[in-house]
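Student: Given next are the chains, with one letter for each unit.
There are 2 protein chains.
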Amino acid sequence: MTPGKSPRRLADEVAASGPAPRLAAAAALLEMGDRLGVFDVILPGKEFTVAELATATELPEQGITGYLEALESAGIIQHATVAGDSFVTADDFEELQHQAGYISWTMNANRPFIENARAYLTDQSLPTGAYTRDGRQVAVSSQWMGSLAYYPAAVETIIEARPKRVADLGAGTCRLLIEILQAFPDTTGVGLDLDGPSCAAARVAAEQEGVGDRLTVVERSIQSVADDATPLEGADVISAGFVFHDMMPDEEHIADKVLANCRDALRPGGIMAITDAVPYLRNERERAFSAAVTYYHRQFMKRKLLTEQEWEAKLLGAGFSSVKTVELGFPTGRLFIAHR
Amino acid sequence: MTPGKSPRRLADEVAASGPAPRLAAAAALLEMGDRLGVFDVILPGKEFTVAELATATELPEQGITGYLEALESAGIIQHATVAGDSFVTADDFEELQHQAGYISWTMNANRPFIENARAYLTDQSLPTGAYTRDGRQVAVSSQWMGSLAYYPAAVETIIEARPKRVADLGAGTCRLLIEILQAFPDTTGVGLDLDGPSCAAARVAAEQEGVGDRLTVVERSIQSVADDATPLEGADVISAGFVFHDMMPDEEHIADKVLANCRDALRPGGIMAITDAVPYLRNERERAFSAAVTYYHRQFMKRKLLTEQEWEAKLLGAGFSSVKTVELGFPTGRLFIAHR
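Listed in order, the protein sequences are those of chains E and D. According to this note's numbering, the first sequence is numbered sequentially starting from -13. According to this note's numbering, the second sequence is numbered sequentially starting from -13.
Don't take each hint at face value.
Treat identical chains as interchangeable: a pair holds within one or across any two.
Claimed, not checked - Heads up, simulated DSBU-like pairs for lysine-lysine below, C-alpha to C-alpha not over 35 Å straight-line:
#1 LYS310 to LYS150
#2 LYS290 to LYS32
#3 LYS32 to LYS310
#4 LYS290 to LYS310
#5 LYS243 to LYS32
No lab work stands behind these hints, which were simulated from the structure alone.
Work out the full structure: start from the sequences and follow the hints.
Tutor: Dropping the structure here:
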């Protein structure tokens, strides 16, 4: 049977279908995989089977078979061999997961803002936490977004500095620090985070990755550095990814003190590497995503994002001698490298 | 200040940021607009102001101002003039809304399936309605998806047939029929739908659009045509968009009877125009979205999608003399044109 296509119309419509259907499908199927718990087993470059996944996820093989059928037909995974029952991820799996991260963060992690937009716009004083986001969904989608778009730039900057001692503010599970300590066998690190479970997970991960004796995890807020910067003393690099904007505008004076103390805690020649979002960019590549990020932060989270100029002034004001601003793949993200 | 870009790295990362951030941002901001109720005023080709939107949505001007600032910065709307306070939609507004439809349908309208995937895969017998989708969100996102991708093909096919009488099964608010009746001033139409509020809205719309005297709206199920096809008698075209798969597999024998009765109700030379989704296509353009659509229907809605071959056999089996299959811009969608 030959489909009776009208070439003109089909060409128009196919053009109109664009990239969204594929990206939306990938995001949905990957998010579903996150809920099913498959991504401890489905890893780039590693073969896996239905039986293995059923065991790892404690789900029936029938259910896993249907899910993998969908992933395979979508082109997200492929059969490892023509005959066998193993699968591997498709060549562009990490890129798909990265793209899915943007969709998942914007459409799902921040969904309470979309659904409750009328309430927020009716009462401008509605407090930030009125409709709380799911922290896990924010974390997972942020990791997917960051994996190719801002994380590598921060890692590269730190590695170029060849630090003997490195600190991370808002370190989470210390993924960044562990990677740096593995690159430099004599380097020590310290991670600060307010979240107890993240700190516990970081200690476990550091042991597993063989850097447990060189990593100190401190359960403390970033704000506490305004009063006591002792853990950061003597660092060659202090990094901070998407954490400072959470202090703006209410705690901006504390943020200023934190930055000044970081500057003073650094060894001569040391750097501070801050990754953060800047507001309402206008260039074609970044403007749409920049608008969503800015609007979420201003209207719903009641946060102030600093412009490049404001960041540079703030860092110079904290005593740093110079600031270099790096554009990132992550739209609306910037890496600020401030020299002591 | 010149951003200190590393050209190699930036080029890589910018390439990696891809189309997802823009599409995700557009989808989120447009969905938010749907919740705010702005799309009775924000229409392509029409100027609008903050004051007008505040009145229409019953929201404070301050809130509307912030929302429009985000839309404008995202490039979704633009200032109508350099000086004035009016806005208009951007040139690609309809295309953006169309793309947003795919993301909204896949990621939001079907969200209960994503969130409850573990429960569905654990108990394969979990009934269809266990985690119910929001009908309004399905309808809105489907309309955005269909506006450029399957709706025009159905309209064009019906208009080419120059019908004197046209029927639509699962007519919803009779948008399709009203468009046809406006194109042919002597044509009459009949729309069947099970949903009372949709039928009521259809009658209101038909009056408003000046075709109320030529459109009959019948509140009935499609299944009822298996017992009584009287309303369809003498039609030149009977159309049905994405409604037959809802009868598969449990009511497939009823669907067969409906199709046979439609064939018999048509005037000589009449056609039936069915738009529906086909399962698990493998071509690069359609495979990812096809997989998501198929998996949602099979695993979660417990529906059977028919292949092109199965549709053609079914229509020939119902007494039609020939079937033409048309590929649509809507990935995994096909238009089947069956001649009496």
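Student: Decide, hint by hint, whether the structure agrees.
Tutor: So, going through the hints one by one against the coordinates:
no.: 1; hint: LYS310 to LYS150; result: within (22 Å within a copy, 71 Å between copies)
no.: 2; hint: LYS290 to LYS32; result: between (43 Å within a copy, 33 Å between copies)
no.: 3; hint: LYS32 to LYS310; result: neither (39 Å within a copy, 44 Å between copies)
no.: 4; hint: LYS290 to LYS310; result: within (21 Å within a copy, 58 Å between copies)
no.: 5; hint: LYS243 to LYS32; result: neither (47 Å within a copy, 50 Å between copies)
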